[in-house]
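*Asks:* Here is what each chain is made of, one letter per residue.
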Amino acid sequence: MLDAMNTARAEILDRIRKVNAGAGAQERGIAYQGIERGYQQAAEVSGTVLAELFADRLREYDAQVYETTGADVRDAIAKALAGHGQKSAVVAVALPEHWIPAGLSWRTEVDASTDAMSRAAGAIASCEVAIAHTGTIVVRGSRRLTLLPDRLLCVVREEQIVETVPEAFARLQPFAKDALTFISGPSATADIEMTRIRGVHGPRFLDVVLVRG
Amino acid sequence: MRISLFITCYNDTLFPETGKSVVRLLERLGHEVDFRYEQTCCGQMHYNTGYQAEAMPLMRRFVEVFKGAEVICIPSSSCVGMVRDHYAKMAEAKGDAELVQAVNDLLPRIYELSELLVNKLGMEDVGAYYPHRVTYHASCHSLRSLHLGDLPLRLLRKVRGIELVELSGVDQCCGFGGTFAVKNADVSAAMLAEKMRCIEDTRAEVCTAVDNSCLMHIFGGLHRQRAGVKTVHLAEILASTEEESAR
Amino acid sequence: MSIRVGGAADAPAFPKAAPALLDDAQLRKNVRHATDVITQKRARVVEEQRDWQQLRTSASAIKAHTMRYLDEYLLQFETACTEAGGQVHWAADADEANQIIVGLVQKYGGREVIKVKTMTSDEIGLNKGLEMNGIRPHETDLADMIIQLGRDEPSHIVVPALHKNRQQVREIFMQAMGLKELGDRPEDLTAAARQYLREKFLTIKIGISGANFLIAETGGVCVVESEGNGRMCLTLPDVLITVAGIEKVIPAFRDLEVFLQLLPRSATGERMNPYNSLWTGVQPDEGPKHFHVVLLDNGRTRILADEEGRQTLHCIRCGACLNACPVYRQTGGHAYGSIYAGPVGAILTPQLFNMQHAESLPYASSLCGACYEVCPVKINIPEVLIHLRGRLVREQQSEASLEAISMKAVARIFSSRRSFEAAQRLGRLGQWPFVRDGWITRLPGMLGNWTAVRDLQPLPKQTFRSWWRKREKEKRNA
Chain P
1 MLDAMNTARA EILDRIRKVN AGAGAQERGI AYQGIERGYQ QAAEVSGTVL AELFADRLRE
61 YDAQVYETTG ADVRDAIAKA LAGHGQKSAV VAVALPEHWI PAGLSWRTEV DASTDAMSRA
121 AGAIASCEVA IAHTGTIVVR GSRRLTLLPD RLLCVVREEQ IVETVPEAFA RLQPFAKDAL
181 TFISGPSATA DIEMTRIRGV HGPRFLDVVL VRG
Chain Y
1 MRISLFITCY NDTLFPETGK SVVRLLERLG HEVDFRYEQT CCGQMHYNTG YQAEAMPLMR
61 RFVEVFKGAE VICIPSSSCV GMVRDHYAKM AEAKGDAELV QAVNDLLPRI YELSELLVNK
121 LGMEDVGAYY PHRVTYHASC HSLRSLHLGD LPLRLLRKVR GIELVELSGV DQCCGFGGTF
181 AVKNADVSAA MLAEKMRCIE DTRAEVCTAV DNSCLMHIFG GLHRQRAGVK TVHLAEILAS
241 TEEESAR
Chain G
1 MSIRVGGAAD APAFPKAAPA LLDDAQLRKN VRHATDVITQ KRARVVEEQR DWQQLRTSAS
61 AIKAHTMRYL DEYLLQFETA CTEAGGQVHW AADADEANQI IVGLVQKYGG REVIKVKTMT
121 SDEIGLNKGL EMNGIRPHET DLADMIIQLG RDEPSHIVVP ALHKNRQQVR EIFMQAMGLK
181 ELGDRPEDLT AAARQYLREK FLTIKIGISG ANFLIAETGG VCVVESEGNG RMCLTLPDVL
241 ITVAGIEKVI PAFRDLEVFL QLLPRSATGE RMNPYNSLWT GVQPDEGPKH FHVVLLDNGR
301 TRILADEEGR QTLHCIRCGA CLNACPVYRQ TGGHAYGSIY AGPVGAILTP QLFNMQHAES
361 LPYASSLCGA CYEVCPVKIN IPEVLIHLRG RLVREQQSEA SLEAISMKAV ARIFSSRRSF
421 EAAQRLGRLG QWPFVRDGWI TRLPGMLGNW TAVRDLQPLP KQTFRSWWRK REKEKRNA
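Residue numbers (my numbering), protein chains in the order written: chain P, 1 to 213; chain Y, 1 to 247; chain G, 1 to 478.
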């Protein structure tokens, strides 16, 4: 089996090389640098307008947005949870403990089994970067946490928001080998008569605490 | 200006009125038209159907016939598309440097009719009179090969007496596609049905376009249905005046 | 080597398959509705994106560059993925890929697998290969589930079950899920699917996925989805097997910034789809403990060798060309007889077979160019179609066929003024048997396909050039 596969590998590479009268890595690198990139790569919008654009996009897909300041994150989270009577949560390891509301029954994602997460009332996580133009939240790690519970609350700080997708990738480059999840709304399908239905497998409800100032 | 007419093989044989209209129109506008008898076909049907080898001599012939012509007018956007999209590549594939040069000399002098009127001659009002309810179908080549945009509509809007009605699905293919109409007649018919439905919804008397290939296919269907709608090439509308009765 | 593209090698030719589908009113209504909805949504988000054309240009350039150095990028991917704890396998054709995957599932002792949407697995016929070895695959994409449970075939790249309406889906679910009651609103059907699949996600230990992008720089993989079943299959099982065509590789992490702007807008008309998952190898804290990538050739290297055709490999499977195509609009996907349908299917399917099968597909197009207009990576599909028609004529057409003879004859007619004018005269004379009441309504042979649907005006008495000649003569005499 291994022999057959090594043969396949050699054959495939051989066929490609025959076609591409190859040159070395140096020529490839130069050619790659020469690729035209005339698309927008820097922000044209900034500051408060950016945060407002992000909030608008979130509301477009029915996420609840709770704006707050740096000092009041815990209260904002408490308010969001109280809004639907949530009394327990599974929490991301990276989430600062002083953000967690008093009285909430919680454990971290590493202490929760997959089954427990699936039955959990909700998840609380932070993000790595957020993209205003597309209403996207990028989470590093915490894959089960942001997938299994029916509710997800994510804390996004204003300084984490960029306008464009290319800016996000520039910020994410140091984490290029990590597990990254781009979330842009609740899960959805339009497979039945093109009627868009939300919440197929991922969390059906998304709350965002947007920290400004 | 001396304008050399490439009538196209199918217009010459099936739609001579279009050619006559182009001549009448350009002469009315004060230009001299010449017609080189040696012209036959641009080679599109062969090329598009996969007979690229057979298209080659037709391409050479076209280039040869129109050597030295100052301006070439072609009342068929698909034929212009053939020349613009494929001739240079065909010449290069042959490695014939002289032919490549001849093609490159030729290309800037080629104009589809509405391009000639609006872009080259700088006019939109050509003094036409056509008192009918008309809808315009945008042929695929005019849209996506020539990027004519709204040139034909700008010309039509200036026609006196015309009642111009917008066609829904104006940029949907009519289903002709050359040999496609015969090789995949069923699907071609389905596409034609949708186009005819849109045309009939406009309650227009006339459907116009810059290509008689589309119009032949569309009218073939309309007539079979006894729909009472006819098709008229843009040239014939623009050539029409109070003095001459419109067909 | 045996190339497989689903059942395409045995599928009926397009003109044979089309009539039955054209008669299916339900299908035609569904296809029209679906393509109208997506094209409108797409148009809105594309218009809003001011740098759309620049994104297309860059995407096309990145893909062309990648193909030019494909061997190097594949090796770079293999090294990086392996360093990160993954294992990379190479499969020359469909059978080899199936053997590798079945072998892996057996190695890990699995009897069931959960699958994320991947057309590549349909291409190689993976489900059948698994079932033949006593392994039960569970499709988890809602549409693929509908297709699998309904024992049907997909008819669109992005919305495979668009030919089914809610009543049909309800029947399929009730039967397959053993439900006594089920509403037929899309919400009810989706809720049933959510419950049915949650249990599978939490218990089945082996997942199989495709890949939208393989990242050479990092050895990473990117999967683009909407429903969340992808994330389930990529995160929860102990073992993950990802099968991907070799053309899925892109040079670097940052190149995703281009493709992730083009793909969601083109596929579903959104600025961004709900979930994109990116991972590299095996992660210590979460996700599968064993990760395998199967790189698939299955005819792709041969497409690479065709200078005109190789741009076909740039495709990112967005489905925009299907939605824009006026031919697809009438027939839906089944007429193409291939998992890859529509305009891109018409060029990809026959080329994978080196033109030995699916030869009718390059002719299943009126060359209108709408596909090229919407293709996010600027594949010049009409040009490739014409190129493939040329290959068929040169490589397979018998010179004695009626078509070849006619084409050559017509070319000869056009070769001189004399023969052209003679043919015009002959045509005018020869048409009379066919003219009735001033119209031609029935023609023999292949030309009968024209008159089956359309009338034809007889050739006018006077050609343009005769008129011109007469007029010149009159001018000279005056």
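Simulated from the structure, these hints should not be mistaken for lab results. A virtual CB, placed ideally from N, CA and C, is assigned to each residue, including glycine. Hints may contain errors.
Short derived list, chain Y residues pointing at chain G, Cβ under 10 Å [what the hints assert, rightly or not]: (1) H31; (2) N119; (3) S188; (4) C198; (5) T241.
The calculated DSSO-like cross-link candidates involving lysine-lysine, where the alpha carbons are at most 30 Å apart (straight line), are [what the hints assert, rightly or not]: (6) G:K41 <-> G:K128; (7) G:K408 <-> Y:K94; (8) Y:K230 <-> G:K205; (9) Y:K230 <-> G:K41; (10) G:K107 <-> Y:K89; (11) Y:K20 <-> G:K473; (12) G:K180 <-> G:K16; (13) G:K29 <-> G:K41; (14) P:K177 <-> G:K461; (15) Y:K183 <-> Y:K158; (16) Y:K67 <-> G:K200; (17) G:K180 <-> G:K200; (18) G:K378 <-> G:K470; (19) Y:K183 <-> G:K475; (20) Y:K120 <-> G:K475; (21) G:K408 <-> Y:K89; (22) G:K289 <-> G:K128; (23) G:K107 <-> Y:K183; (24) Y:K67 <-> Y:K158; (25) G:K289 <-> P:K177; (26) Y:K67 <-> G:K408; (27) Y:K183 <-> G:K470; (28) G:K461 <-> Y:K20; (29) Y:K158 <-> Y:K20; (30) Y:K89 <-> Y:K120; (31) G:K29 <-> G:K107; (32) Y:K183 <-> G:K205; (33) G:K29 <-> Y:K230; (34) G:K41 <-> G:K378; (35) G:K200 <-> P:K87; (36) Y:K94 <-> G:K378; (37) G:K408 <-> Y:K183; (38) G:K107 <-> G:K205; (39) G:K200 <-> P:K177; (40) P:K18 <-> Y:K120.
*Asks:* Each hint needs a verdict: does it hold in this structure or not?
*Replies:* Results of checking the hints against the structure:
A cut of 10 Å between beta carbons decides the hint on H31 (chain Y): the least distance to chain G is about 16 Å, and the hint is violated. Annotation: interface hint on N119 (chain Y) violated; nearest CB of chain G at approximately 21 Å, more than 10 Å. With its C-beta approaching chain G no nearer than about 7 Å, S188 (chain Y) sits inside the 10 Å limit, and its interface hint holds. A least Cβ separation of about 12 Å between C198 (chain Y) and chain G goes past the 10 Å threshold, and the interface hint is therefore violated.
Interface restraint check: T241 (chain Y) against chain G, minimum CB-CB distance 19 Å, threshold 10 Å, status violated. For a cut-off of 30 Å, the pair hint linking K41 (chain G) to K128 (chain G) is broken: about 36 Å separates their Cα positions. A threshold of 30 Å between alpha carbons decides the hint, and for K408 (chain G) with K94 (chain Y) the separation of about 20 Å falls inside it, so the pair holds. Proximity of K230 (chain Y) to K205 (chain G) is assessed by CA-CA distance (about 66 Å); at most 30 Å being required, the pair is judged violated.
Under the criterion of a C-alpha separation no larger than 30 Å, the hint pairing K230 (chain Y) with K41 (chain G) is inconsistent with the structure, at around 35 Å. Proximity of K107 (chain G) to K89 (chain Y) is assessed by CA-CA distance (about 54 Å); at most 30 Å being required, the pair is judged violated. About 16 Å separates the Cα atoms of K20 (chain Y) and K473 (chain G), which keeps this hinted pair within 30 Å; it holds. Of the supplied pair hints, the one linking K180 (chain G) and K16 (chain G) is violated, its CA atoms being roughly 40 Å apart against a limit of 30 Å.
For the suggested pair K29 (chain G) and K41 (chain G), the alpha carbons sit about 18 Å apart, so the restraint of at most 30 Å is met. With a C-alpha separation of about 75 Å, the suggested pairing of K177 (chain P) with K461 (chain G) is violated against the 30 Å cut-off. About 40 Å separates the Cα atoms of K183 (chain Y) and K158 (chain Y), which puts this hinted pair outside 30 Å; it is violated. In summary, the hint linking K67 (chain Y) to K200 (chain G) is not supported, as the alpha carbons are separated by about 73 Å, beyond the 30 Å threshold.
With a C-alpha separation of about 21 Å, the suggested pair K180 (chain G) and K200 (chain G) falls inside the 30 Å cut-off, and the hint holds. At roughly 49 Å between alpha-carbon atoms, K378 (chain G) and K470 (chain G) are farther apart than 30 Å, so this suggested pair is violated. About 45 Å separates the Cα atoms of K183 (chain Y) and K475 (chain G), which puts this hinted pair outside 30 Å; it is violated. A hinted pair counts as satisfied when its Cα atoms are at most 30 Å apart, and K120 (chain Y) with K475 (chain G) qualifies at roughly 28 Å.
For the given pair, K408 (chain G) sits about 22 Å from K89 (chain Y) by alpha-carbon distance, which is consistent with the 30 Å threshold. Note on K289 (chain G) and K128 (chain G): the hinted pairing holds, with a Cα-Cα distance of about 26 Å set against a maximum of 30 Å. Note on K107 (chain G) and K183 (chain Y): the hinted pairing is violated, with a Cα-Cα distance of about 51 Å set against a maximum of 30 Å. Taken as a hint, the K67 (chain Y) and K158 (chain Y) pair is broken in the structure, with Cα atoms around 34 Å apart against an allowance of 30 Å.
Between K289 (chain G) and K177 (chain P), the direct Cα distance comes to roughly 16 Å. Compliance with the 30 Å bound is thereby established for this hinted pair. Between K67 (chain Y) and K408 (chain G) the CA atoms are separated by roughly 26 Å; this keeps the pair inside 30 Å, and the hint holds. Between K183 (chain Y) and K470 (chain G) the alpha-carbon distance is near 38 Å, which puts this suggested pair outside the 30 Å criterion. Distance restraint check for K461 (chain G) and K20 (chain Y): the Cα-Cα separation of roughly 14 Å lies within the 30 Å cut-off, and the hinted pair is therefore satisfied.
A C-alpha spacing of about 21 Å is found between K158 (chain Y) and K20 (chain Y), which places the hinted pair at or below 30 Å, so the restraint holds. Under the criterion of a C-alpha separation no larger than 30 Å, the hint pairing K89 (chain Y) with K120 (chain Y) is consistent with the structure, at around 26 Å. Distance check on the hinted pair: K29 (chain G) and K107 (chain G) sit about 47 Å apart at the alpha-carbon level, beyond 30 Å; violated. A threshold of 30 Å between alpha carbons decides the hint, and for K183 (chain Y) with K205 (chain G) the separation of about 50 Å lies outside it, so the pair is violated.
Distance restraint check for K29 (chain G) and K230 (chain Y): the Cα-Cα separation of roughly 29 Å lies within the 30 Å cut-off, and the hinted pair is therefore satisfied. A distance of roughly 20 Å separates the Cα atoms of K41 (chain G) and K378 (chain G); the hinted pair therefore holds under the 30 Å criterion. Taking the CA atoms of K200 (chain G) and K87 (chain P), the gap is near 28 Å; set against the 30 Å cutoff, the hint holds. This hinted pair checks out: K94 (chain Y) and K378 (chain G) have alpha carbons roughly 26 Å apart, not beyond 30 Å.
Between the alpha carbons of K408 (chain G) and K183 (chain Y) the distance comes to roughly 18 Å, so the proposed pair stays at or under 30 Å and holds. Proposed proximity of K107 (chain G) and K205 (chain G) is supported: the alpha carbons are some 13 Å apart, at most 30 Å. This hinted pair checks out: K200 (chain G) and K177 (chain P) have alpha carbons roughly 29 Å apart, not beyond 30 Å. For a cut-off of 30 Å, the pair hint linking K18 (chain P) to K120 (chain Y) is broken: about 49 Å separates their Cα positions.
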